[in-house]
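Please put together the full structure from these sequences, using the hints given.
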Amino acid sequence: MKPATRKTLLIMVLALAGVLAGFWTSARWSTLGGGGAPQPAPALAFEDLDGKTRSLSDWRGKLLLVNFWATWCAPCLKEMPLLIKAQKQFGARGLQVVGPALDDADAVRKLAAQLGVSYPVMADFASADKAMSQLGNTSGALPFSVFIDAQGRIVKTVLGGLHEDDLNQLVVRYLPQ
Amino acid sequence: MRPLTLLLCALLGALPLASGAQGLWPHAGGEPALPTVDQAFELQPAERIDGRVRITWLVGKGAYLYRERLRFESADPAGVALPAPKLPAGERHHDEHFGDVHIYRAGLLTAEFPAGVPASRKLKVSYQGCADSGVCYPPQSRILDLPAP
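Residue numbers (the numbering used here), protein chains in the order written: chain H, 1 to 177; chain P, 178 to 326.
Careful: at least some of the hints might be erroneous.
[Said to hold, decoys possible] Straight-line C-alpha distance at most 25 Å; calculated SDA-like pairs for lysine to any residue:
id: 1; chain 1: H; residue 1: Lys110; chain 2: P; residue 2: Glu245
id: 2; chain 1: H; residue 1: Lys130; chain 2: P; residue 2: Leu220
id: 3; chain 1: H; residue 1: Lys110; chain 2: P; residue 2: Ser303
id: 4; chain 1: H; residue 1: Lys78; chain 2: H; residue 2: Gln89
id: 5; chain 1: H; residue 1: Lys52; chain 2: P; residue 2: Pro315
id: 6; chain 1: H; residue 1: Lys85; chain 2: P; residue 2: Ser310
id: 7; chain 1: P; residue 1: Lys301; chain 2: H; residue 2: Ala126
id: 8; chain 1: H; residue 1: Lys78; chain 2: P; residue 2: Phe275
id: 9; chain 1: H; residue 1: Lys78; chain 2: P; residue 2: Asp309
id: 10; chain 1: H; residue 1: Lys130; chain 2: P; residue 2: Gly256
id: 11; chain 1: H; residue 1: Lys78; chain 2: P; residue 2: Arg244
id: 12; chain 1: P; residue 1: Lys263; chain 2: P; residue 2: Arg225
Derived by calculation from the structure, the hints in this document are not laboratory data. Small disclaimer: the values here were computed from a predicted structure and weren't measured.
In structure tokens form, the structure reads like this:
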């Protein structure tokens, strides 16, 4: 191989390696990171299982993890034990998980009891569906999680199930100081 | 082939895998682009073939519908009892919460009512499904006009 050809090949190899590294980083941080400046969360409220309206502003000052879910959504049910665990582990340090469901109250009550859900859950299909759209989830798909910091800013949204490592990393990063 | 050329080929081969590992390209919002529910489950206009009413979905790649969540009701006139339509068996699927269910993956899914029924003019069709990427779409209901017999 001529030295010039060898040099060209070497440059191409290095460039491609860089592109691949970029893909890897991008894939990881599309789950973990937050792009752009945090935006203020819209005023959102949902009916709880007793028909009482709960506003997200009730928990201002905490790191809010708003997890939209439903009893018909298998990936939602799969990640709920992680949320229960996170609430237990980080609740004293300022994490508050809340779970508005796109579902009816009876189904939510039954499943929340079965799973031992220890954080507030709501059953308010219309409000939850509208809220998801306001928060950027226009597909209406679940699960959908939104992290709102103590100042009421949206710091991260995740469409799809959370992995434990990513969840813990995000919580620790955004817990109130 | 020289080692450097081999390495270049390997990297070129890995490029589509790397992009595929991410699912879809992230859009401006930072989340992967997800088909809308109507893109994932394209419900076609109802057909009447030799007296049989046929309802068809085109299930998108990476999506699936639950057999157990398909519902068919007469919307006009309301309250008319319908026989169960003929459906493909579907793929057996075990879910830790839902137990043993059946799913329909990418391709055409057809539900067919026997000749002579239903006598309805409109049919309410309900369905629900998910995507392999780990999300589920909310239950959907659509009203379909049935062609005259």
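Against the earlier hints, flag every one the structure doesn't satisfy and list their numbers going up. Number 10 - this is the single hint that the structure violates.
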